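S.K.: If you read the sequences in order, they're chains A and B.
Per my numbering, numbering of the first sequence is gapless, rising by one per residue and ending at 453.
Per my numbering, numbering of the second sequence is gapless, rising by one per residue and ending at 906.
Rather than coming from a laboratory, the hints here were simulated on the basis of the structure.
Small disclaimer: the values here were computed from a predicted structure and weren't measured.
Virtual Cβ for every residue (Gly too), placed ideally from N, Cα, C.
Hints should not be assumed to be uniformly reliable.
[Claimed, not checked] Below, a list of computed lysine-lysine pairs in the DSBU-like style, where the Cα atoms sit at most 30 Å apart: (1) LYS190/A <-> LYS680/B; (2) LYS78/A <-> LYS110/A; (3) LYS714/B <-> LYS163/A; (4) LYS643/B <-> LYS202/A; (5) LYS190/A <-> LYS616/B; (6) LYS563/B <-> LYS531/B; (7) LYS227/A <-> LYS812/B; (8) LYS531/B <-> LYS418/A; (9) LYS616/B <-> LYS714/B; (10) LYS202/A <-> LYS163/A; (11) LYS531/B <-> LYS513/B.
[Unchecked claim] Chain B is faced by these chain A residues, among others (derived, beta-carbon under 7 Å): (12) VAL120; (13) GLY124; (14) VAL127; (15) LEU130; (16) VAL299; (17) LEU361.
[Unchecked claim] Distance windows between CB atoms, simulated: (18) GLY358/A <-> ASP524/B: 20 to 26 Å; (19) ILE239/A <-> ASP572/B: 27 to 33 Å; (20) ILE239/A <-> ARG808/B: 20 to 26 Å; (21) ARG808/B <-> ARG416/A: 42 to 48 Å; (22) LEU748/B <-> THR106/A: 26 to 32 Å; (23) VAL870/B <-> ILE370/A: 46 to 52 Å.
The lines below spell out each chain.
Protein chains: 2
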Amino acid sequence: MSTKLTRKYIDDLKSHLDERNDSDALAMMEELHPADIAGIYESLSLEEATHLYLLLDPEKASDVLVELEEDDREAFLKALPSEVIASQFIDHMESDDAADVIGDLTEDKKQEVLLHIDDVEQAGDIVDLLSYDEDTAGGLMAKELIRVNENWGVATCIREMRKQAEDLDEIYYIYVVSDENVLLGILSLKALLLASASTRVKDIYAAEVRSVQTDTDSEEVAQIMEKYDLIVLPVTDSIGRLMGRITIDDVVDVIRDEAEKDYQLASGITTDVETTDSPARLSRARLPWLIIGLLGGIVVAAVIGRFEEDIQINPEMAFFIPLIAAMAGNVGIQSSAIIVQGIASNSLGLESTYRKLGKELIVSLMNGIILSGILFLYNYFISHNLALTFTVSTSLFVVIIFAALFGTLIPLLLDRVKIDPALATGPFITTMNDIMGLFIYFLMGRILYDIFI
Amino acid sequence: MSTKLTRKYIDDLKSHLDERNDSDALAMMEELHPADIAGIYESLSLEEATHLYLLLDPEKASDVLVELEEDDREAFLKALPSEVIASQFIDHMESDDAADVIGDLTEDKKQEVLLHIDDVEQAGDIVDLLSYDEDTAGGLMAKELIRVNENWGVATCIREMRKQAEDLDEIYYIYVVSDENVLLGILSLKALLLASASTRVKDIYAAEVRSVQTDTDSEEVAQIMEKYDLIVLPVTDSIGRLMGRITIDDVVDVIRDEAEKDYQLASGITTDVETTDSPARLSRARLPWLIIGLLGGIVVAAVIGRFEEDIQINPEMAFFIPLIAAMAGNVGIQSSAIIVQGIASNSLGLESTYRKLGKELIVSLMNGIILSGILFLYNYFISHNLALTFTVSTSLFVVIIFAALFGTLIPLLLDRVKIDPALATGPFITTMNDIMGLFIYFLMGRILYDIFI
């Protein structure tokens with residue numbers, strides 16, 4: 001179905017653009033989806049991209065612009081005059097996309113572009129949408145929708161719908177409102193299709209409709225749409241008046257972004273980066289956690305420093321430092337990852353914190369016994385040093401239990417004080433557990449070496 | 454909108470069920486969405502759940518069953534006779550859900566249930582769907598759809614659609630096929646709504662339609678639907694005949710599962726688990742990676758063991774073992790996480806492997822200089838041990854570069870040999886980098902201590 005975007009294809013396109021061979025360049029774009037054209041952006045110079053986008057039919061060019069990565073779009077629009085942005089792009093977008101694009105502009109440019117929009121209704125919709133926080137239902141919604149009055153007959157309904165449908169790419173639901181624009185329910189296309197012409201809307205619509213308010217958090221919107229398998233979700237104001245609707249494709253981005261953010265945080269990356277970003281940006285995104293890790297390592301060095309004598313007498317204690325540190329980190333990350341995911345997908349269930357900790361204790365006791373057992377056998381048969389054998393495996397057991405409890409408790413506590421629990425995973429918890437784990441290890445060593453020697 | 458599922462609400466429900474107070478129990482279920490009813494499952498005994506589900510209207514009960522977690526559903530169905538499964542549940546489901554539910558039964562029970570399905574067409578659809586691999590478009594699709602012939606007029610079209618629409622929850626698209634059932638395009642409801650009665654289908658349908666084949670991988674299906682913002686995607690066989698359609702709600706699950714799987718693998722958890730699972734299951738899911746980590750730790754111990762004399766002479770070398778190990782792990786995970794995400798979201802772009810490695814080299818050189826610099830200053834002013842100062846910061850620099858290159862290269866290599874690159878992140882790469890990092894550290898130590906002392 002989709003043309004493979006090979007290196008050769010892009011080189012051909014670039015040479016058409018550079019030679020101002022417009023018709024051939026356009027012909028190459030003919031069968032490409034806007035998302036595919038957006039995918040080429042990074043291979044083009046700013047000049048080539050500008051030339052290409054202004055060649056395209058404005059409808060298609062606007063779709064391409066919407067599909068661009070946010071920072072690419074900002075860079076691209078910076079070079080264009082406000083009237084061109086308004087007439088070639090914004091005029092042809094649905095209100096939610098238009099608001100997203102305009103929202104990223106500088107304050108001055110935003111005003112200029114808004115003044116250059118021909119359709120006053122469209123400009124008004126965009127201004128309304130810009131007033132909502134990006135991470136709320138209001139920030140996600142579009143104003144275009146099909147709205148019918150409960151008192152209309154099916155014939156009036158279809159006539160009005162034809163009028164309203166012109167602004168819409170596709171119709172999924174028809175919303176039924178009262179005279180005061182209060183959302184009453186939905187009229188499915190199926191019901192409309194099966195109804196006779198004399199029926200009234202109030203007799204065939206479904207009064208049950210799930211909706212959110214403009215200030216509902218976008219992650220909650222995603223959870224609701226996912227849980228109830230919704231394709232479109234209407235948005236109301238605080239007194240129930242219909243303000244807009246959110247479609248699932250916008251929410252899929254929220255779901256993926258959320259999952260990726262957790263994963264990146266767990267991997268110690270602070271801002272959203274991709275392989276195609278510049279080295280400086282990639283470096284900046286990673287340095288904060290690495291510096292925390294480094295400082296943690298310095299603290300650990302100071303902790304071990306207090307046991308310098310023990311190491312000098314029993315240098316074999318040092319051999320197992322990385323094992324204890326790594327296991328403390330691994331166990332802690334596992335425990336916190338399960339909690340973080342549970343919080344993210346809202347599937348923690350009704351278990352209380354105490355029950356969760358109790359369960360985690362059982363899991364870590366089981367794992368602790370098995371892992372310490374393996375390590376005990378290894379050292380018992382290989383090293384023949386009884387003090388070392390007991391120290392290493394006892395410490396591992398204690399460390400596993402502590403790490404599991406910390407790993408469970410910390411994200412739950414963070415969530416309670418409204419800090420993103422995903423922060424708990426990754427380098428942060430690893431470093432904490434390293435410090436705690438090695439302190440336990442050397443303390444155990446001091447006690448057990450006294451007993452066995 | 455949704456009733457808060459409090460502990461009290463559930464206790465009330467349980468007492469109604471236990472006292473066989475059916476009408477009150479049903480009244481409590483009245484306003485709940487099937488997904489909410491499914492959410493209560495874990496709080497009910499098997500007996501209570503069975504009683505409740507058979508009380509419900511079969512349409513609703515089937516929706517609840519579809520919303521249950523897979524292992525809960527398996528446990529629930531194990532206790533029910535095949536005829537009840539067929540008549541109370543399967544008969545009322547769309548074909549894709551029915552196939553998913555039946556697919557999880559044992560081979561014997563599967564046959565029994567299929568024989569008890571009243572609607573032969575439904576049974577046939579399910580058998581067809583069961584033949585596809587779960588992780589392909591065939592495994593995701595449903596057979597129910599609205600199909601019209603290109604030669605029909607709008608009136609015939611609407612009449613036929615009314616007939617076909619009975620099997621469907623909602624209509625999103627109408628597919629246009631040839632006499633041989635080859636998919637030709639889509640007819641939007643909007644076009645149909647705006648057309649006059651005398652128009653023919655072939656004059657108003659859109660011939661451009663994106664489709665996949667039954668054997669397309671489900672992750673590719675998710676990528677296509679996400680990239681092109683599709684709500685429904687038709688599925689054809691290898692010669693283009695229309696076989697079924699996939700809706701976005703099924704694909705949202707694929708997207709979330711995929712993102713969660715990567716995150717769990719990175720956190721060292723092998724199978725899909727949730728906080729509500731049993732301790733034994735939670736323990737089993739985590740042990741494999743922990744054992745790998747443990748074995749890695751033992752190898753590291755052996756590596757350090759070769760430098761026992763060095764540690765005895767310079768015990769301060771041991772202080773920085775955790776720092777070197779942790780930084781090697783952190784850097785490696787960061788590098789591999791970016792690659793793994795790029796592969797997952799198909800956004801790696803057209804850069805070659807060499808360019809990626811080159812860029813990663815630049816990033817790690819930048820980070821390496823900054824981090825080693827900080828560590829150098831710390832040791833220079835605090836420890837006053839020049840040999841240690843140079844050893845630790847030089848090793849850190851070298852280790853950061855090696856870890857970054859490994860972290861980039863390994864997931865790319867795994868992807869090339871068709872192994873899930875997410876395996877590279879988490880405990881695996883941490884352990885590898887620990888071994889490599891500490892070997893470099895002690896080797897450096899031996900060289901630099903000779904120079905400085």
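S.K.: Each hint needs a verdict: does it hold in this structure or not?
M.R.: Cross-check of the supplied hints:
no. : hint                              : verdict
1   : LYS190/A <-> LYS680/B             : holds (28 Å)
2   : LYS78/A <-> LYS110/A              : holds (11 Å)
3   : LYS714/B <-> LYS163/A             : violated (46 Å)
4   : LYS643/B <-> LYS202/A             : holds (22 Å)
5   : LYS190/A <-> LYS616/B             : holds (11 Å)
6   : LYS563/B <-> LYS531/B             : holds (11 Å)
7   : LYS227/A <-> LYS812/B             : violated (41 Å)
8   : LYS531/B <-> LYS418/A             : violated (42 Å)
9   : LYS616/B <-> LYS714/B             : violated (42 Å)
10  : LYS202/A <-> LYS163/A             : holds (20 Å)
11  : LYS531/B <-> LYS513/B             : holds (20 Å)
12  : VAL120                            : violated (25 Å)
13  : GLY124                            : violated (24 Å)
14  : VAL127                            : violated (25 Å)
15  : LEU130                            : violated (22 Å)
16  : VAL299                            : violated (9 Å)
17  : LEU361                            : violated (9 Å)
18  : GLY358/A <-> ASP524/B: 20 to 26 Å : holds (21 Å)
19  : ILE239/A <-> ASP572/B: 27 to 33 Å : violated (46 Å)
20  : ILE239/A <-> ARG808/B: 20 to 26 Å : violated (56 Å)
21  : ARG808/B <-> ARG416/A: 42 to 48 Å : holds (45 Å)
22  : LEU748/B <-> THR106/A: 26 to 32 Å : violated (56 Å)
23  : VAL870/B <-> ILE370/A: 46 to 52 Å : violated (31 Å)
Comparing the model with each earlier hint shows violations of hints 3, 7, 8, 9, 12, 13, 14, 15, 16, 17, 19, 20, 22, 23; every other hint is respected.
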